[in-house]
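Participant: Make the full structure from the sequences, and use the hints.
There are 2 protein chains.
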Amino acid sequence: MKPRISLITLGVSDLARARQFYERLGFPVRKESQGDVVFFDLDGRLVLALYPREALADDAKVSAKGEGFRGFSLAHNVPSEAAVDAALAEAVKAGAQLVKPAQKVFWGGYSGYFADPDGFLWEVAYNPFMDLT
Amino acid sequence: MKPRISLITLGVSDLARARQFYERLGFPVRKESQGDVVFFDLDGRLVLALYPREALADDAKVSAKGEGFRGFSLAHNVPSEAAVDAALAEAVKAGAQLVKPAQKVFWGGYSGYFADPDGFLWEVAYNPFMDLT
Numbered sequence: 320m321k322p323r324i325s326l327i328t329l330g331v332s333d334l335a336r337a338r339q340f341y342e343r344l345g346f347p348v349r350k351e352s353q354g355d356v357v358f359f360d361l362d363g364r365l366v367l368a369l370y371p372r373e374a375l376a377d378d379a380k381v382s383a384k385g386e387g388f389r390g391f392s393l394a395h396n397v398p399s400e401a402a403v404d405a406a407l408a409e410a411v412k413a414g415a416q417l418v419k420p421a422q423k424v425f426w427g428g429y430s431g432y433f434a435d436p437d438g439f440l441w442e443v444a445y446n447p448f449m450d451l452t
Numbered sequence: 320m321k322p323r324i325s326l327i328t329l330g331v332s333d334l335a336r337a338r339q340f341y342e343r344l345g346f347p348v349r350k351e352s353q354g355d356v357v358f359f360d361l362d363g364r365l366v367l368a369l370y371p372r373e374a375l376a377d378d379a380k381v382s383a384k385g386e387g388f389r390g391f392s393l394a395h396n397v398p399s400e401a402a403v404d405a406a407l408a409e410a411v412k413a414g415a416q417l418v419k420p421a422q423k424v425f426w427g428g429y430s431g432y433f434a435d436p437d438g439f440l441w442e443v444a445y446n447p448f449m450d451l452t
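Taken in order, these protein sequences are the chains called A and B. If you read the first sequence in my numbering, its first letter stands for residue 320, the second for the next number, and so on. If you read the second sequence in my numbering, its first letter stands for residue 320, the second for the next number, and so on.
No wet-lab data here; the hints were simulated from the structure.
Remember, identical chains collapse to one label, so a pair may be satisfied in a single copy or spanning two.
Result set (DSS-like, lysine-lysine): computed pairs, CA atoms no more than 30 Å apart in a straight line:
#1 419 / 350
#2 384 / 423
#3 350 / 423
#4 419 / 321
#5 419 / 384
#6 321 / 350
#7 380 / 412
#8 412 / 423
#9 423 / 321
#10 380 / 423
#11 380 / 419
#12 412 / 350
#13 380 / 321
#14 350 / 380
#15 412 / 321
Note that the structure is a prediction, hence the values are computed from the model and not measured.
Facilitator: What follows is the structure, given as structure tokens:
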């Protein structure tokens with residue numbers, strides 16, 4: 320396998336609400352979006368998809384039962400501490416919940432977390448040691 | 320916010336096992352990996368990180384309690400049906416569990432699912448309508 324993730328699909332409980340949130344964040348909707356699937360074009364040939372949670376589980380032939388911590392996070396890196404503050408504020412304005420206010424962290428960076436309307440965790444980070452912006 | 324995911328972190332229960340799995344898949348480890356974090360360089364300026372599940376929850380200041388379906392999937396798209404079969408076989412050989420054998424799917428593509436050692440779902444897909452390979 321090539322070291323590649325082509326697409327990340329989030330299973331959501333309210334597709335319209337989730338779509339609106341990511342549109343407010345400025346994520347561009349792909350023209351292939353239709354019915355109960357929404358695709359957003361991200362930088363770097365990566366696509367973020369939204370799909371109903373039950374349908375996603377059904378597609379993988381697994382149970383949709385599950386609760387609590389999902390065990391993963393997405394990170395959005397930015398080039399400065401001020402940019403972390405700005406991105407978190409923008410997410411909250413778009414409807415996110417602030418989970419962890421931005422702060423200096425043990426590994427030497429500066430970051431905070433927000434949750435999207437379905438509770439998916441996004442870290443917004445400034446990492447002075449690894450430029451992923 | 321730019322439409323960008325810089326990093327995806329999977330919270331794992333056995334870091335050495337998870338690292339070995341992704342190394343067997345051929346994912347290149349970044350030099351910044353150290354202590355209890357492992358970074359893999361993916362195509363498209365995306366990094367896959369492995370980090371202990373409890374530590375990831377703690378970093379976000381949320382409870383690590385959770386079980387069942389995580390509500391998301393990663394997808395690895397390839398350019399043909401045969402390449403789907405090959406990638407799934409490679410993942411199983413590396414230690415994945417085959418969750419859904421490759422098959423023609425309702426949207427006109429061909430795909431299957433595997434789970435990594437921590438149960439994270441990967442779809443391997445051939446999509447004749449959206450080239451993400």
